[in-house]
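For chain A, the structure is supplied; the task is to place chain B on it using the hints.
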Amino acid sequence: MAPALITVEITVNGKLRSAAVEPRTTLVDFLRDSLGLTGTHVGCEHGICGACSVLLEGDPIRSCCMFAVQADGMAVTTVEGLAPERGRLSKIQDAFCETHALQCGYCTSGMLIACHALVEHTPQPDEAQIRDAIGGNLCRCTGYQQIVDAVKLGTQPGYTVRADPVKRAATPENTVVPGASNG
Amino acid sequence: MKAAPFEYVRAHDLDHVLQLLAAYGTDAKPIAGGQSLVPMMAMRLARPALIVDINRLDVLSEVTIGPHAVTLGATVRQRDLEDDTALHARLPMLREALRWVGHTQTRNRGTVGGSLAHADPSAELPLAAVVLDATVHLRSEAGGDRTVPASEFFLGPMTAAVAETECLVSIDWPVWDGDGVVCVFDEFAMRHGDFAMASAACQLQLDADGICRRAAIGLGGVDGVPLAFPQLAARLVGHRIDADLARGIAADASAACAPGSDLHAGSDYRRHLGNVLLTRVLLQAGEQRLAA
Numbered sequence: 001m002a003p004a005l006i007t008v009e010i011t012v013n014g015k016l017r018s019a020a021v022e023p024r025t026t027l028v029d030f031l032r033d034s035l036g037l038t039g040t041h042v043g044c045e046h047g048i049c050g051a052c053s054v055l056l057e058g059d060p061i062r063s064c065c066m067f068a069v070q071a072d073g074m075a076v077t078t079v080e081g082l083a084p085e086r087g088r089l090s091k092i093q094d095a096f097c098e099t100h101a102l103q104c105g106y107c108t109s110g111m112l113i114a115c116h117a118l119v120e121h122t123p124q125p126d127e128a129q130i131r132d133a134i135g136g137n138l139c140r141c142t143g144y145q146q147i148v149d150a151v152k153l154g155t156q157p158g159y160t161v162r163a164d165p166v167k168r169a170a171t172p173e174n175t176v177v178p179g180a181s182n183g
Numbered sequence: 001m002k003a004a005p006f007e008y009v010r011a012h013d014l015d016h017v018l019q020l021l022a023a024y025g026t027d028a029k030p031i032a033g034g035q036s037l038v039p040m041m042a043m044r045l046a047r048p049a050l051i052v053d054i055n056r057l058d059v060l061s062e063v064t065i066g067p068h069a070v071t072l073g074a075t076v077r078q079r080d081l082e083d084d085t086a087l088h089a090r091l092p093m094l095r096e097a098l099r100w101v102g103h104t105q106t107r108n109r110g111t112v113g114g115s116l117a118h119a120d121p122s123a124e125l126p127l128a129a130v131v132l133d134a135t136v137h138l139r140s141e142a143g144g145d146r147t148v149p150a151s152e153f154f155l156g157p158m159t160a161a162v163a164e165t166e167c168l169v170s171i172d173w174p175v176w177d178g179d180g181v182v183c184v185f186d187e188f189a190m191r192h193g194d195f196a197m198a199s200a201a202c203q204l205q206l207d208a209d210g211i212c213r214r215a216a217i218g219l220g221g222v223d224g225v226p227l228a229f230p231q232l233a234a235r236l237v238g239h240r241i242d243a244d245l246a247r248g249i250a251a252d253a254s255a256a257c258a259p260g261s262d263l264h265a266g267s268d269y270r271r272h273l274g275n276v277l278l279t280r281v282l283l284q285a286g287e288q289r290l291a292a
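Taken in order, these protein sequences are the chains called A and B. Under my numbering, residues 1 to 183 are what the first sequence spells out, in order. Under my numbering, residues 1 to 292 are what the second sequence spells out, in order.
Next up, chain B with everything else stripped away, as it sits in the complex:
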C-alpha cells in the first residue's frame, strides 16, 4: 500500500499555495498533518499529481484570541490545542472534543483545518464547529477571501465546501461570555480513538439557579454530516435540565437524523445511540453546573 507517484512542493508562502492550486486544480492537494490524506493516498483512494506542503507557513498556524471569538489558523495542531489551557477556558468544547480525537500520535500531526476540510461525518472537530456555529475562512487566487458558516460547510460525507482552487486559511470559534458555561462531549466507538459510531455534544450556559440561559446541541456520526439543532436547543432556554426535558430533546433530535448503516452499526442502532448519548450529555451538563 504505497502511494501512487506524485510531485511535491513545500510552499514558501500562502500566495504560492494558491498559485499552485489555481494552476493544478483537482490535480493538486494541500497537505497539512496528513493523518487522513496520507492513508487515503496509501490506499490509492486519493491520487493527487501534486502535493503542496503547507506545514511550515506561520501565517496558517496562528492562534488569535479576540473579544468574542478565537481564530485558529488552518494548520494549528490538535496537540497544541490540547495543551493550551488558556484556550480551554474560552473554548471548552474543543477541550472536550479533542479527548476523543484519534490518538496521541495522530494529534501530534493532525490539524484543526485538516479535520474540517476532510469532513468525516463522525469526526469530532466538525461536530464542534457546527454546534458552536464556527466560521471557516477560505482563500483562492481568483476569488480572494470567502467565509462559510459551519452550518453550510459540510456538504456530505468527506465533502466540504472547499473549492479545488481554495485553501482553508482559518476558523473563527465563537466564545460564550460570562459564567456558567458547561460543555459535555460523549461518543461511542469500538475502541477509544476509533471513528465514532455516534457522538453527542452540548454547550449550555446555566445561571446560579441552574436555569439554562443559552444552549447549543449536536449529533455526529448519525448522518452524512455533523448536525446541530439550534431550534431544539432553544427549547432548553428558561428551564432547568431535568430527565424529561433531556429525553424529549434527544428523542426529537435523533428522529431528525438519517443515519447510515455499516458493518459496525445499523441505522436504527445509530439513531438509538445518538438519542442515548444526547440525553446523557444534557443531563451531565446540568449536573456539572450544580457541582460547580
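So that you can see chain A by itself, here it is in the shape it has in the complex:
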C-alpha cells in the first residue's frame, strides 16, 4: 500500500507552488513532473553529475539528493528563474552563448546554477574559483574550457548582453530572410 501523499508548498522562482507528492518524490522530480519546470535535468540520480543542481535558499544543491517534502516552506531557484526577465538572458547565460559553453545542453542548467551562485558571492572570480565552483558538475561535450571562459567573459566589467536571443537564434547569417534582397 502506497504511503499517503503529502502536500508541499515551495517557493519556486519567486512564486509559491504546491503539489501533493509521495515522500519519496525527489525535489528534482517535483520540479519537473509536478510543476513542469523541465529545465532542471536528471542525470545520474545519485549525487555525482550535477545536472540536477538548483539553488536552495540561494545555495547550489543536488536536487536529486533531497526529497521534495524536505523542502517544504523553502525557496528554490531553477534555471528558469535565472534570467532577469522573460525574453532576456542573464550576462552569464549570454556569455555561455558567446563562448559556446554548451553543445548538447544537458549539463547546462546545472552549470548555470553553479556559475550564478559563484558570481553572487564572488563577482569577479578567477579561473581557479570558477573551476572549483563547477567541480561538482560533469560535462561530456565541452571539456569545460568554454564554460570557464563564459564566466570570465560574463563577469568582465561593462559586459552587456549582446543580442536579442530570440532574433539571434532565428536569423543566422547564412539564411535568406523573406522579403530581403538576395543580391
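Honestly, I wouldn't trust all of these hints.
Chain A is faced by these chain B residues, among others (derived, beta-carbon under 10 angstroms) [claimed, not checked]: (1) Lys2; (2) Pro5; (3) Val38; (4) Met40; (5) Met41; (6) His68; (7) Arg79.
Pairwise CB distance ranges, derived in the manner of DEER restraints [stated by the list, open to error]: (8) A:Cys141 to B:Asp80: 29 to 39 angstroms; (9) B:Thr147 to A:Arg88: 55 to 65 angstroms; (10) B:Asp268 to A:Leu5: 45 to 55 angstroms; (11) B:Val59 to A:Asp126: 35 to 45 angstroms.
Think of the hints as simulated: they come from the structure by calculation, not from any bench. Fair warning: this is a prediction, and the values are worked out from it, not measured in the lab. Every residue gets a Cβ at the ideal spot worked out from N, C-alpha and C, and that includes glycine.
Quick look at chain B alone, frame taken from chain A:
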C-alpha cells in the same frame, strides 16, 4: 533509480526522534543532509520504512566553543564550518579536511554528524575525528546519553557504533592550546571531490626551533576504517621533522594497514599511496612552521 516507498516525518524535537527510532528500530533512519543516504535509497541499497527528518532541530545544529574543545551539533552543515573563520583557528584540521569533502553542492547540505555516522572508510571527516581523538555523543530513548571516543566509533566500512535506536547528537573536537599548531591534510582521488584512494592527515605542534612538541597522524582509505597512529606520532615528539624521520614514520604506518582492492586501486598501490601521502604531509607540516 527511484527510492522505494517510505513514510516521512519531520521531527518536532529530539525526544520525538528518539521515540520514533525506539518504535521502528532498523525500519527507521534519521535524515540530515541526505548526501549519502538519499543516493543509497535511490539505488535501493537502503530501504527504510520511515525517514525522520532532523534538519530543522536547532538543538542538533549548535556550535559550542568550550575552553578545550569545540562541540558541533550533529546537523551542523559542512558549508557552515568552511565559512567559520573563528572555528578554523581552533580546529585547523577541519578547515584542511573540508577542502577535500565532496563539492560545493554536497557541502551545502551535508552535515558533520552525517559524515561520521555514514562511516565511509575513505571519508575525510571520520579521519579527522580519529586523528584528533574526537568524542561522539549519542542518545536513545531507553539508554539515554552515551559517549564513544572516535577510536571506537568506526567499526568497519559504512559501519559506525550507532545503535538502531540511537541518534548522533554532537561531537566534541579537542582544541590544541598554544602556538605553533600546524595541520596538513592531503589525499589522492581520480578527480578532486571523488572518494579518496588514500588520504593522510597530521597535526603537529612545533616550538620556535621547529622541534615537535605534540603530534597526531592518520591515514584514510587504506583500511576498513580511518586509522590514527598515536604511538608512531609519539616518535615525532622532541625531534625536528626531517625527511628520514617522516619516511620512517610513514613506512611503519602504511605497513600496519590492510587496504582493500577495487577497480581504482589495488591494495599494494593504496598502501604505497598512504606511505607517500603521509611522508608528504609530515614534511609540509614541518616546513609550514619554518615559514610561519
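Right, here's what the structure says about each hint:
no.: 1; hint: Lys2; result: holds, 6 angstroms
no.: 2; hint: Pro5; result: holds, 6 angstroms
no.: 3; hint: Val38; result: holds, 4 angstroms
no.: 4; hint: Met40; result: holds, 8 angstroms
no.: 5; hint: Met41; result: holds, 8 angstroms
no.: 6; hint: His68; result: violated, 33 angstroms
no.: 7; hint: Arg79; result: holds, 7 angstroms
no.: 8; hint: A:Cys141 to B:Asp80: 29 to 39 angstroms; result: holds, 35 angstroms
no.: 9; hint: B:Thr147 to A:Arg88: 55 to 65 angstroms; result: holds, 57 angstroms
no.: 10; hint: B:Asp268 to A:Leu5: 45 to 55 angstroms; result: holds, 53 angstroms
no.: 11; hint: B:Val59 to A:Asp126: 35 to 45 angstroms; result: holds, 40 angstroms
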